[in-house]
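Asks: Each chain is listed here by its residues.
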Amino acid sequence: MVRHARDARIPIVNWFKYSSPQSFFPLAGVLVQWFGIAAAVLAAIGLYIGFFVAPTDATQGESYRIIFIHVPAAWMSMFIYLVMAFWGAMALSFNTRLSGMMASALAPTGAMFTFVALWTGALWGRPTWGTYWVWDARLTSELILLFLYFGFMALHAAIDDPRRADKAAAVLALVGVVNIPIIYFSVKWWNTLHQGASVSLTKAPTMAATMFAGMMIMALAFWMYSIAAALARTRCIILERERNSEWVVEYARNLK
Amino acid sequence: MSWGSLDNFFAMGGHAFYVWGSYVVTAVLIIAEVYLLKARIRSAHTAITRNGPAA
Chain A
9 MVRHARDARI PIVNWFKYSS PQSFFPLAGV LVQWFGIAAA VLAAIGLYIG
59 FFVAPTDATQ GESYRIIFIH VPAAWMSMFI YLVMAFWGAM ALSFNTRLSG
109 MMASALAPTG AMFTFVALWT GALWGRPTWG TYWVWDARLT SELILLFLYF
159 GFMALHAAID DPRRADKAAA VLALVGVVNI PIIYFSVKWW NTLHQGASVS
209 LTKAPTMAAT MFAGMMIMAL AFWMYSIAAA LARTRCIILE RERNSEWVVE
259 YARNLK
Chain B
601 MSWGSLDNFF AMGGHAFYVW GSYVVTAVLI IAEVYLLKAR IRSAHTAITR
651 NGPAA
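The listed protein sequences correspond, in order, to chains A and B.
Take 9 as the starting number for the first sequence in my numbering and just add one per residue.
Take 601 as the starting number for the second sequence in my numbering and just add one per residue.
In isolation and in its complexed conformation, chain A is listed as follows:
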């Protein structure tokens, strides 16, 4: 009773299959839909809590309601940068096509959230501190983050060969990672006008439970949105770069 080796093989999901653009493309298409829906539902719940459940802040009045987008946007601006640099490192070390595409796909969304963090921060600062902008360490390092995103996109666009562009931009992204702990710890390391963290992993949040809930749900909504947007952009990049490959030609034939 000798069974053939093939029959005895345990069926496992081969995740590496999805590292090729061809098999990732349809998977990403499905994920974009689901993450998009999750983002919309979470944003609706988060905004409801933020505007209709969370109480007025005792010292800041209603202007504090800006934090429901300001804090999640600032978190995303830093986190997306780290993920972008991670995919850049993967592109450099394993030379995989999809990694460089993922890094490029994250940059515009990261830049958008960085701008939102700066913009909403300025509009919160004016009624709270009396100024839209100061050159303190937190604000300055966040502005540098915006320029790092712009630099990444400009460098990528300036190099014609996409694989070489991926690698050059990846080096820039990796060098820029040093700025992330500077942003995060700036409020501890220096005397900044910007307040310290109201929420951290080691302490209980210093705000009302409903305010905290609204902020965390908005953060989740921004997460889901970022994933959906980055995957949608990856799909565009895949079609643009692989337009001459057989599977794209086949895919195009089915579109007609």
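Errors might be hidden in some of the hints.
What the hints assert, rightly or not - Calculated lysine to aspartate or glutamate pairs in the EDC-like style (CA-CA distance at most 20 angstroms, straight line):
id : chain 1 : residue 1 : chain 2 : residue 2
1  : A       : 25        : A       : 254
2  : A       : 264       : A       : 254
3  : A       : 264       : A       : 250
4  : A       : 175       : A       : 248
5  : B       : 638       : A       : 250
6  : B       : 638       : A       : 254
Simulated from the structure, these hints should not be mistaken for lab results.
Starting from the known structure of chain A, fit chain B onto it as the hints suggest.
Replies: Relative to chain A, chain B alone:
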């Protein structure tokens, strides 16, 4: 949290400019990004169907 009236809600305790200035700009940027992504996949589709094997 009860606002009492719609006017009170829009007034945001005198901070309407700052609160709505934040939310409107954020919403516009997100809607713009979604629109641009849809336009980009559409033009990618147009490009690959035009350069297909029939052409």
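Asks: Each of the hints needs a verdict: does it hold here or not?
Replies: Status of each hint after checking the structure:
1. 25/A to 254/A: holds (18 angstroms)
2. 264/A to 254/A: Distance of about 16 angstroms is within 20 angstroms: holds.
3. 264/A to 250/A: Within the cut-off at roughly 18 angstroms; holds.
4. 175/A to 248/A: Roughly 18 angstroms between the alpha carbons, so the hint for residue 175/A and residue 248/A holds.
5. 638/B to 250/A: Roughly 19 angstroms between the alpha carbons, so the hint for residue 638/B and residue 250/A holds.
6. 638/B to 254/A: violated (24 angstroms)
Consistency with the previously given hints fails for number 6 only.
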